[in-house]
Every structure is written in C-alpha cells, then in structure tokens.
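Heads up: the protein sequence lines correspond to chains A and B, in order. Just add 110 to wherever you are in the first sequence, counting from 1, and you've got this note's numbering. Just add 193 to wherever you are in the second sequence, counting from 1, and you've got this note's numbering.
I should point out that these hints are in silico values taken from the structure, not numbers from a laboratory. Each hint should be verified, as a subset may be incorrect.
As the list claims (entries may be wrong) - Straight-line C-alpha distance at most 25 Å; calculated SDA-like pairs for lysine to any residue:
{"#": "1", "chain 1": "B", "residue 1": "K250", "chain 2": "A", "residue 2": "K127"}
{"#": "2", "chain 1": "B", "residue 1": "K237", "chain 2": "A", "residue 2": "P139"}
{"#": "3", "chain 1": "A", "residue 1": "K208", "chain 2": "B", "residue 2": "A245"}
{"#": "4", "chain 1": "B", "residue 1": "K207", "chain 2": "B", "residue 2": "P295"}
{"#": "5", "chain 1": "A", "residue 1": "K167", "chain 2": "B", "residue 2": "K250"}
{"#": "6", "chain 1": "A", "residue 1": "K111", "chain 2": "B", "residue 2": "K202"}
{"#": "7", "chain 1": "A", "residue 1": "K208", "chain 2": "B", "residue 2": "L206"}
{"#": "8", "chain 1": "B", "residue 1": "K207", "chain 2": "B", "residue 2": "M220"}
{"#": "9", "chain 1": "B", "residue 1": "K202", "chain 2": "B", "residue 2": "V292"}
{"#": "10", "chain 1": "A", "residue 1": "K127", "chain 2": "A", "residue 2": "K208"}
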Amino acid sequence: KNQVEQSPQSLIILEGKNCTLQCNYTVSPFSNLRWYKQDTGRGPVSLTIMTFSENTKSNGRYTATLDADTKQSSLHITASQLSDSASYICVVEEYGNKLVFGAGTILRVKS
Amino acid sequence: NAGVTQTPKFRILKIGQSMTLQCTQDMNHNYMYWYRQDPGMGLKLIYYSVGAGITDKGEVPNGYNVSRSTTEDFPLRLELAAPSQTSVYFCASSYSRTVNSPLHFGNGTRLTVT
Numbered sequence: 111k112n113q114v115e116q117s118p119q120s121l122i123i124l125e126g127k128n129c130t131l132q133c134n135y136t137v138s139p140f141s142n143l144r145w146y147k148q149d150t151g152r153g154p155v156s157l158t159i160m161t162f163s164e165n166t167k168s169n170g171r172y173t174a175t176l177d178a179d180t181k182q183s184s185l186h187i188t189a190s191q192l193s194d195s196a197s198y199i200c201v202v203e204e205y206g207n208k209l210v211f212g213a214g215t216i217l218r219v220k221s
Numbered sequence: 194n195a196g197v198t199q200t201p202k203f204r205i206l207k208i209g210q211s212m213t214l215q216c217t218q219d220m221n222h223n224y225m226y227w228y229r230q231d232p233g234m235g236l237k238l239i240y241y242s243v244g245a246g247i248t249d250k251g252e253v254p255n256g257y258n259v260s261r262s263t264t265e266d267f268p269l270r271l272e273l274a275a276p277s278q279t280s281v282y283f284c285a286s287s288y289s290r291t292v293n294s295p296l297h298f299g300n301g302t303r304l305t306v307t
C-alpha cells in the first residue's frame, strides 16, 4: 500500500532556531513530491513541488530536499518565526495523478 | 481575487439529515476536488472534476454526491448524514494536473454529525 509517513508528529522550537521535518514514502512509481503549510483553521498552502529528478528546492526560509533512492524528503526551516507555527504536510503524487497525503507534522514556534 | 471560497464554515447535522457544502473558485481552473481531513490522517479524495459536466469518484465517495454545472462551482451533497461523516471538508482547484500546477485550497467546512 502506498504510504507517506511524517516525523516527528509534533515539534516545539524557540523563535529564531532552525528545524527539519522528515517525510518517508513508499509510493512507487512517483511523479513529484510536494510540501504544504496548513495554518490552524485554514486550508493547506503550497510551499514547494519537486519532481523525481530534483534534489532541492527553496521558497524563502523553507528548503525541501528529496532523495528518490531512499524515498526520503525533508523540509528545513531557517530562522523560525512565530508565523511558522502550523502543520506541514508532505504529499507524494503517483504516476496517474493520485495524491497521497501524509498526516502532517505540527510545528509550534514559541518566543 | 478570492481564490477558493467554501461555505458554510461550520455546521452541525443530525443523523439522517442532508446538506450541501458549497465551493466556488474565481481562478478559471478546470480541475476541482473535494477532500476530507480527519484527525491524525492524511487528506482523502472524495470526488473530483476535470471540467464542467465531468465528475469522477475518488478514494472515499460513499455517502456523497457532486455536480459541476459551471467552471466556478463544485458543490458536495451529503445525503442521510452519518456520524462517520464528521470531518473537515476541503475544496481545492488547480489549473491543470501537471507538476507545475499546485492545488489551491479553500479554508474548509467543519461538519459534525450527531
């Protein structure tokens, strides 16, 4: 069964610190991998999309990496801000356009 | 530019009641989707549409119906509501299904069935 597993489930960090969120997947074959940010009470918003041939993609203080051989991705957040507090969702697209969503990592940034 | 708009934001239904969740987008996107999000789980696709007049089932379509009479609107109908349909429902749209076309989500409808 194609799955997307995210770790940790939740994380608390101090404002200004860096953090890395992990995503492991078993989806195969896969077309692309996406990271979304979901603020409390809102819909997910796209952060990055990487094809299977890309290793890294940045969006401001967010940098996503992808290792298609080990089926792992990470999202690195630099110099965290209070507004980074949200759920971060990893999504893997199978060939044939089916999206498989992870359950998300809940990040809390405190001052 | 409002993006994807969902109404209502919250709703409580009694078992057996029916309702329609509304979704409209102003980006002229052909592709529209309905997802449900349950605690601790990834989003699950209920129905999707590739254009006006064309709809298809997703992973969890039982107990739901959709229609797509215009490009802008994609309502989701719940008939005979059951407690298992308690969830947060998200409507989304995209320009195409290519890698360069991310999903744009609405802010969700939180539904409780008691």
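Practice item. Hint by hint, work out which the structure violates, then give me just those numbers in ascending order. Key: 1, 4, 5, 6, 7, 8, 9, 10
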